[in-house]
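Asker: Protein chains in written order, with the working numbering: chain A, 11 to 180; chain B, 5 to 286.
Keep in mind that the hints were calculated from the coordinates and are not lab data.
Treat the hints loosely; a few may be bogus.
Only pairs whose alpha carbons sit at most 25 Å apart, straight line, appear in this in silico SDA-like list of lysine to any residue [said to hold, decoys possible]: (1) B:K147 to B:A159; (2) B:K147 to B:P224; (3) A:K88 to B:R101; (4) B:K285 to A:P64; (5) A:K88 to B:W286; (6) A:K109 to A:E172; (7) B:K147 to A:C63; (8) A:K109 to A:M152; (9) B:K285 to A:V68; (10) A:K88 to B:G151.
Residues from chain B that face chain A, not an exhaustive set, calculated with beta carbons under 10 Å [what the hints assert, rightly or not]: (11) A79; (12) Y170; (13) R174.
Fair warning: this is a prediction, and the values are worked out from it, not measured in the lab.
Ideal Cβ placement from N, Cα and C applies to all residues, glycine included.
One letter stands for each residue in the lines below.
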Amino acid sequence: MVRPALEQVWSWLGEVPDPEIPVISLTDLGIIRDVAWEGETLVVTVTPTYSGCPATSVINLEIEKRLAEEGVTDLRLKRQLSPPWTTDWIAPAARNALKAYGIAPPIDGTAADGVLAGRIARLTGENAAVECPRCGSTQTEMVSRFGSTPCKAAYRCRDCLEPFDYFKCI
Amino acid sequence: MAPSLSDVMTPDAAALAAASKGEGRAPLAAGSAEHDLFTGLTRLGDTTLILGHRVSEWCGHAPILEEDIALANMALDLIGQTQLWLGLAGEVEGRGRDADALAFRRDAWDFHNLLLVERPNGDFGVTLMRQFLFDAYHLPLLKALEGSTDARIAAIAQKAGKEVAYHLERSADLVIRLGDGTEESHRRMQGALDALWGYAGEMFLGDAVDERLAAAGIMPTPESLRAEWDRTIDTVLGEATLVRPASDFAHKGGKQGRHSEHMGHLLTTMQWLQRAYPDAKW
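This is chain A alone, in the form it adopts within the complex (with noise of 0.2 Å):
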């Protein structure tokens, strides 16, 4: 079989959607951390987001599906923790669409490290720069770090009053 370019082993798997944020694929998500020929293998080395979240088995089946549609079936995945998996690797044009599918993206600088200023410090000021996806005001609070998924906060709006997920950073 003639090797399919790795230019194009990219494209495909941009094509593959996020099973838990569909509005987003695999490569916006920033977890395809590289993709490579060994000998006839394709190796396609893949990070997980949070270590117990439940969608990385399904994203391997995912990618392996894909890839089997163009007639790659020699492939390995390879599974990689390090560096660990962060918010800053979400493509700016992914943020967009996560804003539009209703999910408030993720506000640079507001990860928590657990020391107690920096949580104080963004009790105060910076969750109000969390912006309500549905109606752009910034007037919002958090009701509780954990949200549908282990990657988002639940938040609500003090204007619309509606409810939202905020995808934490980390």
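Place chain B on chain A using the hints.
Answerer: Leaving out everything else, chain B in the frame of chain A:
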């Protein structure tokens, strides 16, 4: 169609042969570097596993929906971290046991988790206080492990540390809100703190295994984590208007496999399926 009971129970010879790779190998010799590493890794993985299981017992029972979701998500993080720690433990042991085999096929005396995490959930206040006492230790532990001379341990710690930073923020916030809340919530949080305090000290008690792992730069000594824990505890309890108990008495033994009566009951529930139907697949 789901397989019938007899299908599930029929041994798959090929799979068993593959799984038994390394099974004939002798157990690791006590005191060897590999045995120390295996012990250290099961202490980490068993602690996240047992706490993850305990927290998951709340699923569908929490006082409000948001807390139910938060508890389930935290349990998920902890079980995910368990897969990494116990997966590595199995690899180090080299006898063909994976994370599932270690989680579901060992009995109480082979578990090396802290006694604190096997304490029953009690009311929401007890669960939350247990989480806070643990999170305030877990985060500095992972930060120290990021500097491990074992790159595999450093990578897992880096990953888990990001998740645990959120755990600590949540549990600290709620301890403050409920401690400095109503008379009833304050009474329950102080009661939870008093009841759990005797189980916190074990987190900082090292033994010979800890010493050898620390000397090799693989894991920190438990004692070295105490100062940061004390600072977090004092700050948060102060804001929460809760009184830190004076006693330094510490129940110990969990790390060496000596558990409370609660452990067997927990394992009975957690391991039931794999015990009744070995190798059953989802």
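Asker: Indicate, hint by hint, whether the structure satisfies it.
Answerer: Okay, the hints, checked on the actual structure:
Using a Cα cut-off of 25 Å, the hinted pair K147 (chain B) and A159 (chain B) holds, with the two alpha carbons roughly 11 Å apart. Simply put, K147 (chain B) and P224 (chain B) have alpha-carbon atoms about 10 Å apart, close enough for the 25 Å limit, and the pair holds. A hinted pair counts as satisfied when its Cα atoms are at most 25 Å apart, and K88 (chain A) with R101 (chain B) qualifies at roughly 20 Å. With a C-alpha separation of about 16 Å, the suggested pair K285 (chain B) and P64 (chain A) falls inside the 25 Å cut-off, and the hint holds.
Taking the CA atoms of K88 (chain A) and W286 (chain B), the gap is about 23 Å. The hint holds against a cut of 25 Å. Distance hint between K109 (chain A) and E172 (chain A) is fulfilled; the C-alpha atoms sit about 14 Å from each other, no more than 25 Å. Among the hinted pairs, K147 (chain B) with C63 (chain A) is consistent with the structure: their alpha-carbon atoms are about 22 Å apart, no more than 25 Å. Taking the CA atoms of K109 (chain A) and M152 (chain A), the gap is about 17 Å. The hint holds against a cut of 25 Å.
At most 25 Å may separate the alpha-carbon atoms for a hinted pair to count; K285 (chain B) and V68 (chain A) meet this at roughly 16 Å. Under the criterion of a C-alpha separation no larger than 25 Å, the hint pairing K88 (chain A) with G151 (chain B) is consistent with the structure, at around 24 Å. Evaluation of the A79 (chain B) hint against chain A yields a held restraint, the C-beta minimum of about 8 Å falling below 10 Å. For the restraint placing Y170 (chain B) at the interface with chain A, the shortest Cβ-Cβ distance is roughly 4 Å, inside the 10 Å limit, so the hint holds.
With its C-beta approaching chain A no nearer than about 5 Å, R174 (chain B) sits inside the 10 Å limit, and its interface hint holds.
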